[in-house]
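Heads up: the protein sequence lines correspond to chains A and B, in order. Following this note's numbering from start to finish, the first sequence increments by one per residue and tops out at 185. Following this note's numbering from start to finish, the second sequence increments by one per residue and tops out at 185.
Hints are computed from structural coordinates only; laboratory data are not their basis. There's no promise every hint is true.
Repeated chains share a single entry, so a pair holds when one copy, or any two copies, can fit it.
Claimed, not checked - List time: in silico DSBU-like cross-link candidates among lysine-lysine, alpha-carbon distance up to 35 Å:
id, residue 1, residue 2
1, 27, 13
2, 14, 107
3, 13, 165
4, 23, 179
5, 23, 181
6, 165, 23
7, 33, 179
8, 56, 181
9, 165, 27
10, 181, 131
11, 104, 165
12, 4, 104
13, 14, 33
14, 179, 100
15, 107, 60
16, 4, 107
17, 144, 104
There are 2 protein chains.
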Amino acid sequence: MHEILFNFISKYITITEEEKKAIISLGVFKSEKKGSILLKEGQFSNESFFVLKGCLRSYYIIKGEEKTTSFHTEMTAINALNQTSEKNIACVENSIVLVSNPELEIKMFEKFPKFESLCRILSEEVLNKQQIDFDLFKILSPEERYLNILKTKPDLIQRVPQHQLASFIGVKPQSLSRIRSRITAKEKTSIR
Amino acid sequence: MHEILFNFISKYITITEEEKKAIISLGVFKSEKKGSILLKEGQFSNESFFVLKGCLRSYYIIKGEEKTTSFHTEMTAINALNQTSEKNIACVENSIVLVSNPELEIKMFEKFPKFESLCRILSEEVLNKQQIDFDLFKILSPEERYLNILKTKPDLIQRVPQHQLASFIGVKPQSLSRIRSRITAKEKTSIR
């Protein structure tokens, strides 16, 4: 599992055997079962969660109903820094997660400054991507949001429960079923 | 104007006179008139825009209509890195903007490594904040979004045209008028 992380890091910076050992020695890798909750509404949090394997979901409970706001699969991160969390974070699948916090990072940066470069580059990349996702969510209709997932992240549709996916694109499960039927019907028409 | 930036930076890192001169010498400060366009849909961009004074707006043109997705006031940034832009960025007010790009930043980091720390910290902060904003947008109704702006950023309501604000919270201008009337009516009732 460590190798997956080191391969990912190698895309951004060179990493020596010493540095790999330093990362492993931190003991920040956690194996979590499907359904387990990493963060609960009302808890104080100063952590970031980087997904090595599996899928996390963030959701809010609004008037007794779960509202899913994001999914995080391999090589993506979700932060809950310096806040009493209003959201919940749970595992949609059995997951392996790197759990970090600012104090730990600062210690690492002092010893290995290039990890600060890595975190800077990754944060900027994620920020850029997240800004585009945020914009897309605002300008697309629910059907277009679903089509966008089909195009950019088709595996997600198989990996998460349909009611959570419906909530994520901002509709009721019945509406998601209708959206899927419409898309299937269009595909059939275009094949004929 | 430089002093505003240096005061802001001082909250995160110590900054020497030499470093201040280095920043000024980059020539990255641009004065832009209200209405001027910093980035147009279809242009390739690898820049980030940090607002020192004024207000920027990002918007998309969907079926001939402008759809506002974000406003950026003092000490906030908007990135358009390594992409053929699908959005437009324009000045809502006369603005002073620090326009940067990755190549320029790398040169600065080589000379003054602590600027990399600054960019890392700022990116993580913005990412954290943006994730919360994204979640809030998804879980709030348009009226709640407006109330949230009233609470967290009341000056924005005076600073930007109402039709842009309506688009930003996801409604037609007439609906925003109705939302404002309802809120005023509620306030009157609660005073009585």
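These are the hints, each one checked on the structure:
1. With identical chains, the CA atoms of residue 27 and residue 13 are at most 35 Å apart within one copy only, with a shortest distance of 28 Å there and 51 Å across copies.
2. Within a single copy, residue 14 and residue 107 get their C-alpha atoms as close as 15 Å, and across copies as close as 26 Å, so both meet the 35 Å cut-off.
3. In this assembly of identical chains, residue 13 and residue 165 lie within 35 Å of each other by CA distance neither inside one copy nor across copies; the values are 45 Å within and 54 Å between.
4. For a Cα distance limit of 35 Å, the shortest separation of residue 23 from residue 179 qualifies neither inside one copy, at 44 Å, nor across copies, at 49 Å.
5. Taking CA atoms no more than 35 Å apart as the test, residue 23 paired with residue 181 passes in neither setting, with 45 Å inside one copy and 53 Å between copies.
6. In this assembly of identical chains, the alpha carbons of residue 165 and residue 23 lie at most 35 Å apart only when taken from the same copy (33 Å versus 47 Å across copies).
7. For a Cα distance limit of 35 Å, the shortest separation of residue 33 from residue 179 across copies, 33 Å, qualifies, whereas the shortest one inside one copy, 41 Å, does not.
8. With identical chains, the CA atoms of residue 56 and residue 181 are at most 35 Å apart between copies only, with a shortest distance of 27 Å across copies and 40 Å within one.
9. With identical chains, the CA atoms of residue 165 and residue 27 are at most 35 Å apart within one copy only, with a shortest distance of 24 Å there and 42 Å across copies.
10. Both within a single protomer and between protomers do residue 181 and residue 131 lie at most 35 Å apart by alpha-carbon distance, with minima of 29 Å and 33 Å respectively.
11. For a Cα distance limit of 35 Å, the shortest separation of residue 104 from residue 165 qualifies neither inside one copy, at 50 Å, nor across copies, at 54 Å.
12. In this assembly of identical chains, the alpha carbons of residue 4 and residue 104 lie at most 35 Å apart whether taken from the same copy (21 Å) or from different copies (24 Å).
13. Taking CA atoms no more than 35 Å apart as the test, residue 14 paired with residue 33 passes inside one copy only; the shortest distance there is 32 Å, against 47 Å between copies.
14. Taking the shortest alpha-carbon separations for residue 179 and residue 100, neither the intra-copy value of 55 Å nor the inter-copy value of 52 Å comes in at or below 35 Å.
15. Proximity of residue 107 to residue 60 under the C-alpha cut-off of 35 Å is found in neither arrangement, the shortest distances being 38 Å within a copy and 40 Å between copies.
16. For a Cα distance limit of 35 Å, the shortest separation of residue 4 from residue 107 qualifies both inside one copy, at 13 Å, and across copies, at 23 Å.
17. Within a single copy, residue 144 and residue 104 get their C-alpha atoms no closer than 42 Å, and across copies no closer than 42 Å, so neither meets the 35 Å cut-off.
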